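Colleague: If you read the protein sequences in the order shown, they are chains A and B. When we follow my numbering, the leftmost residue of the first sequence carries the number 40, and every step to the right adds one. When we follow my numbering, the leftmost residue of the second sequence carries the number 1069, and every step to the right adds one.
Calculated directly from the structure, the hints in this document are not laboratory data. Being a predicted model, the structure only gives us computed values, none of them experimental. Heads up, a few of these hints could be off.
What the hints assert, rightly or not - Facing chain B, according to a computed beta carbon distance under 10 angstroms, are these residues of chain A, among others:
1. D79
2. N104
3. D106
4. I110
5. N127
6. Y129
7. F133
8. H135
9. L152
10. N169
11. G174
12. K177
13. L193
14. V220
15. D344
16. S354
Glycine included, each C-beta is placed from N, C-alpha and C at the ideal position.
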Amino acid sequence: MNETLGTETVAAPVDTRGLNATPAPEFPREKLTKKAITADHPTWCPGCGDFAVLASYYKVLEKRNIDHEKIVTLAGIGCSSRFPYFVNGYGAHFIHGRAVPMATGVSLARPDLHVFLFGGDGDGFSIGGNHLDHGARKNINLTYFIMDNFVYGLTKKQTSPTSPIGFKSKTDPQGAIDQPVNAMKKLVASGATFIARTHAAQVNHMIQMIERAMDHQGFSVIECLSECVEFYPGAFDPANPRKGGSFELIQEKKWDGTPEDEMRHDVTDELAAYKLAQLPFPGVFGVFYQSDRPTKNALEKKWIDSSREKLGGASDRDILQKTFDRMK
Amino acid sequence: MGDPVNPDVTAVQNPEPTTNGSAPSERADLRPENIQDAVIRLAGNSQDGIQTAGGFLARLAGRSDQDVMTYMTIPATISGGPSIFQVRIGSGEVLSAGDEADFLVAFYQHSYQDHIGFLKEGGVLLYDSDNVEPNLDDKRYVYVGVPITGLTVEALGGSAKDKGKNMFILGLIAKIFHLDQDKLKTLIREKFGGKDESIVNTALMGFQAGYNYPVGNLLTQVYQFEHIPRTSGRAQITMDGNQALAYGLIAAGVRYGAGYPITPWSSVMEILRRELPKYGGLFVQAEDELASVSIAIGFSVSGNLAVTGSAGPGISLKAEAIGWASMAEMPLIIINVQRGGPSTGLPTNVEQSDLHQAIFGGHGDSPRVVLAAQTVEDCFYIALEAARIARKYSTPVLILSDSSLATRIEAFDEPDLAALMQDAKPDLTPRESHKPYPLDGITHHLAPGTRIRDGKYPLLSGLEHDEMGHPTGSPKLHMAMTAKRRAKLQKLAEELPVPELYGDPEGDTLLVGWGSTYGPIHDAVKRARRAGEKIAAIHLRHIHPLPNGLDKIFAKFKRVIVVEMNDQGIYGFGQLAIILRARYCEPKIESLTKTDGLTFRVREILERAFKGKTFPGRNAAGLGAPRDARIAAAANGAAATVSSERDRAMDNTPNQPGTEAVLASSGTNETRETEKPV
Chain A
40 MNETLGTETV
50 AAPVDTRGLN
60 ATPAPEFPRE
70 KLTKKAITAD
80 HPTWCPGCGD
90 FAVLASYYKV
100 LEKRNIDHEK
110 IVTLAGIGCS
120 SRFPYFVNGY
130 GAHFIHGRAV
140 PMATGVSLAR
150 PDLHVFLFGG
160 DGDGFSIGGN
170 HLDHGARKNI
180 NLTYFIMDNF
190 VYGLTKKQTS
200 PTSPIGFKSK
210 TDPQGAIDQP
220 VNAMKKLVAS
230 GATFIARTHA
240 AQVNHMIQMI
250 ERAMDHQGFS
260 VIECLSECVE
270 FYPGAFDPAN
280 PRKGGSFELI
290 QEKKWDGTPE
300 DEMRHDVTDE
310 LAAYKLAQLP
320 FPGVFGVFYQ
330 SDRPTKNALE
340 KKWIDSSREK
350 LGGASDRDIL
360 QKTFDRMK
Chain B
1069 MGDPVNPDVT
1079 AVQNPEPTTN
1089 GSAPSERADL
1099 RPENIQDAVI
1109 RLAGNSQDGI
1119 QTAGGFLARL
1129 AGRSDQDVMT
1139 YMTIPATISG
1149 GPSIFQVRIG
1159 SGEVLSAGDE
1169 ADFLVAFYQH
1179 SYQDHIGFLK
1189 EGGVLLYDSD
1199 NVEPNLDDKR
1209 YVYVGVPITG
1219 LTVEALGGSA
1229 KDKGKNMFIL
1239 GLIAKIFHLD
1249 QDKLKTLIRE
1259 KFGGKDESIV
1269 NTALMGFQAG
1279 YNYPVGNLLT
1289 QVYQFEHIPR
1299 TSGRAQITMD
1309 GNQALAYGLI
1319 AAGVRYGAGY
1329 PITPWSSVME
1339 ILRRELPKYG
1349 GLFVQAEDEL
1359 ASVSIAIGFS
1369 VSGNLAVTGS
1379 AGPGISLKAE
1389 AIGWASMAEM
1399 PLIIINVQRG
1409 GPSTGLPTNV
1419 EQSDLHQAIF
1429 GGHGDSPRVV
1439 LAAQTVEDCF
1449 YIALEAARIA
1459 RKYSTPVLIL
1469 SDSSLATRIE
1479 AFDEPDLAAL
1489 MQDAKPDLTP
1499 RESHKPYPLD
1509 GITHHLAPGT
1519 RIRDGKYPLL
1529 SGLEHDEMGH
1539 PTGSPKLHMA
1549 MTAKRRAKLQ
1559 KLAEELPVPE
1569 LYGDPEGDTL
1579 LVGWGSTYGP
1589 IHDAVKRARR
1599 AGEKIAAIHL
1609 RHIHPLPNGL
1619 DKIFAKFKRV
1629 IVVEMNDQGI
1639 YGFGQLAIIL
1649 RARYCEPKIE
1659 SLTKTDGLTF
1669 RVREILERAF
1679 KGKTFPGRNA
1689 AGLGAPRDAR
1699 IAAAANGAAA
1709 TVSSERDRAM
1719 DNTPNQPGTE
1729 AVLASSGTNE
1739 TRETEKPV
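Working from the sequences, and respecting the hints, build out all of it.
Modeller: This is how it looks when you write it as C-alpha cells:
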C-alpha cells in the first residue's frame, strides 16, 4: 500500500507494446481526495443505508491514498449494485449475480489492481449464490461488500433470500415462509478466507472492516446490514443503539495468555465462527473468520512461473513453433 | 487359431509360417499399386483405441506430404459403445471425408453389421475372425478374416486381452498400404514415450506382429500412395479442429479464457488450460457457463482479450453476458462448437442449427459478429480473424465450429508464425483524457491501471449510457448509442472480402454454404461440373455481418441453393437461407437442409440439388470394374464379385455417415482436377 502523502512525480509506465513513437506523457501524482473519486450523485432513496457504505469507501480510498487508476469498482445488479456509478474510477456495472466471476477475471489477470466488488443480498445470495460459493472456495483475491437489506428494493419489495420468516412482501403477502440464508454460515461453509459483518449505522466499525478486508490476501467478504428505508424500514434497529438496539461486537482473541482471553473468539476457528453465526438476530458484528489459505491468484501464478521457467525465456512464437514441430 | 465356424475363411487364416521379426514370405506378384487416395474406416468400441490408431495414420500421412481428412464418431456413453474412426488419405487435395469406405476394419459383429453398408462394392472387409462372422454370400465385397484378438494376445502375452489390437491393425494397414513403418514407429514412440518403457515396447510389438502378418496371402494387391510434391514448400502439420482453434487463439495473442466442460467443446479448454501458462496466461475452469463467460469478460475488462466457449446449451446460458459485452462494447471471443439441438439434443452428432442463436441470441438489439470456420485449417485462421475484429471493433465475436470439425484430423500447411503471431500485453500508456463511448468513433477501452490525466475515469455499463459510460434514460442517447453499436458492424462489412467463387464464374446453379460443409459442397461442384453442369459455390466465413456484394454473385446464377445442416423451418428455409432471403429479397434463393446429425455426403447434395439426375462417383468413369475385379480376385477362398449396380441405395441406419467412393487409381482417367477458384 502506498502510504506516501503529498505530491510526487511518477515516471510514465513502460510502453509494454513498444508501439508508441511519441514518448508517453508524464504528469504529477496528487494525493487521492474524496473529490477526485466522487462521481454521480447516488440515486438511492434519502436515508438509505448504502450512503454510509459509499462514504466509508471514499474514506478508506482517501486514507490509503491508493493510486487512482488502480481502483477497480465492480458490481452486479440491484440498488446497491449502482455503486460503481458513484465512484470516479475504473468500474463496471455488470449483470445480475455474476459480479463475482467478472471480478475473478479482473483479479486473476491483474494483480496490480485493487478489486472491490459491491452488491446486495439478492445479487450475492440468490441469483449469484453459486458464484459466491466458488469465488470463496477458489479464494480469489478481492474484497466483496454485500449490502444486505433483507428485501428486493430495486424491484419494489419482493422477498429476498435473507428476508426473515414472516416478512410480508409483494411476493409473500401472507409472510415469507422460506428459511432465510444465513450469510455467515454460508460463507464459512464455502471457504471464504475473510468473513466479517457490520452495520451501516456504524461507520467507524465499517471502515475498520473494509480496511482489514482489503489488507487480507484472498476472498474477503463483508456483510453489512444496510437498511432499506422504503421497503423494510427499521429492519436493523435491533442492532442500532440509537434506535434502542445493541451493537454487539465480537471480542477477538489477543493471545495474551490472560484468563479472559480464553473466552474470546479465535478468528481462525471455523467451528467457533459457525457458532457465532447461530446467534439469534441481530447477532454479533466483527470478524467471524480469517485464514491465510493460499489464493488462486498465487497458486496459478506459481504454475505460470514454473511453466515459464521450464521454457527458459523462449518467445511466444518459439513455444508455439515447438508445439507445431511435434505435430509434423 | 482357425475359425471352426467358418470354413471359408479358415483357409486364409493359416498362413505360411514366417520368421518372427523378419519380412514375411510373399508372393512375387504382390507389387504395390499407385493410388491417389483411400478411405479406411475402423469400427469397434470406444475403448479399443481405434482413435489412436486412426490418429497415427492421419499424422503419418501428414508427415508424408499427403492430405488427410478424418471422420470420427464418439459414442455419447462415457466408456464402451460403438465408435468409428475414418481416415481418408490422399495425395493432394482432400476436401471431404469420402462417401464410401474402400477398406472397412470390423472389430465386432455389430461393427460389421452397422458399417458394411458403407463399404463400397469391391471394397475390402478386414475383420477379426475371432469376433465377426460376415455374410460371405454377399459377393460384393472382398473378405479378409484375421484372428486379430488371438494374434494380438499371442504377440503380447495373455495379459494383453483386448488391448493392443489397435496397434496390430495399424501394422496390418501399414503393410497393405505400403506405409512407412519407420515413421510410424517413430510416431508410436512419440505418442507413448515418457510413459513406462514397457508400454512403448508393447505397442511396437503389437504393430510389428500386424506388419509381419502375411497379408499377401489374402490380397493380390497392396497399395502405395502416389507422391505428389506439395507446392507451398511449407511443412504439413496434423491436428483436429479444436486444436486448431486453441492454437489459433494463442497465435492471436489471446492469453486468458474461461470455460465449463461440455461435448464437443471441452478439448479446446483442456488445451488452453494446459498451454496458456507457458505464455504467461491462464485459462480458468469455472463453476458453470454463466461464470465462465463472466470470468472471460473480466479478463477482457482487465485489458486482455479473452475467450470463452461451449456447445449450444452452454451458449444459451451465456446469452445474457454476451448481451452485456455487446452493450458495454467489450471485446470477447465466444466459441460455439455446435452439436445437434435443441436442449441436450444429440451431443455427439453434428448440426448447424445454432446460427440464429449466434446472431440473434440476446435480448434487445445486441449486435455481435459471427464467423464460421470451414475446415480444420480454417479453425486456426478464424481464431486470428475473430481476435482482429474483436480488438478493432471492440465487440463480442462468436466463432461457430461444429462436432465434425472438432473431432476430425486434417493435415495442412504449417502457419507462418513469423507473420501471424500477435502481441498480447495491455497498453497502459497514460492518456490525457478518455471517453469509453465516443459517439463520433469506435469504442476502444482502456485497461484499468492506465492513468488518465484529466482524472475522469470510464465506466463500463450494461445500462444505456452516455459517452462516459454513465447511465441515461435519454431517448436521443439510446437512439444514438444503438446506432453506434450497429454502425461499427456496418463498417466492418465494408472491409470484408467478397467470398471467392469456386467453379464456373456464372451459370445455372450456385451452392452457398457456411461452416464445415465446405468439403462436401466443393466436391459436389467438382463432380457436377464433370457431369456438365454450370455450377459454382461460395462459402461464407463472415456470416454476421455479411460481406457486401453477394447480390452481384447471385445475379450470375439462375438458382441459388443454400446448403446447411439444420431444419427447413416452418417457412421452408434453413437458417442461413432465411438471413440471405431477408437481406437480399431474392426469391431464387432455395434451401437444402437436413437434420440426420451426420455430415453431408457429396452424393446427397447432388441428388437433392439436381432432382432426378444421377451423378457418377469419383472413380466411376472407366475405373470400377477392372480394378474391382482385381481386388475381387484376391484371397484364397475369400472371393467376392462386383455388382454392376453402382448406385445402390446406401445406408438406412441413422448412425452411419456417408463417405465418397474413392481409391482412385492413377492409371485411369480419374485424375485430380486442377481447377482453382475463379
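Colleague: Work down the list of hints and note, for each, if the structure agrees.
Modeller: Structure-based check of each hint:
no.: 1; hint: D79; result: holds (6 angstroms)
no.: 2; hint: N104; result: violated (15 angstroms)
no.: 3; hint: D106; result: holds (8 angstroms)
no.: 4; hint: I110; result: holds (8 angstroms)
no.: 5; hint: N127; result: holds (5 angstroms)
no.: 6; hint: Y129; result: holds (4 angstroms)
no.: 7; hint: F133; result: holds (6 angstroms)
no.: 8; hint: H135; result: holds (8 angstroms)
no.: 9; hint: L152; result: holds (5 angstroms)
no.: 10; hint: N169; result: holds (6 angstroms)
no.: 11; hint: G174; result: holds (9 angstroms)
no.: 12; hint: K177; result: holds (9 angstroms)
no.: 13; hint: L193; result: violated (12 angstroms)
no.: 14; hint: V220; result: violated (18 angstroms)
no.: 15; hint: D344; result: holds (9 angstroms)
no.: 16; hint: S354; result: holds (9 angstroms)
Comparing the model with each earlier hint shows violations of hints 2, 13 and 14; every other hint is respected.
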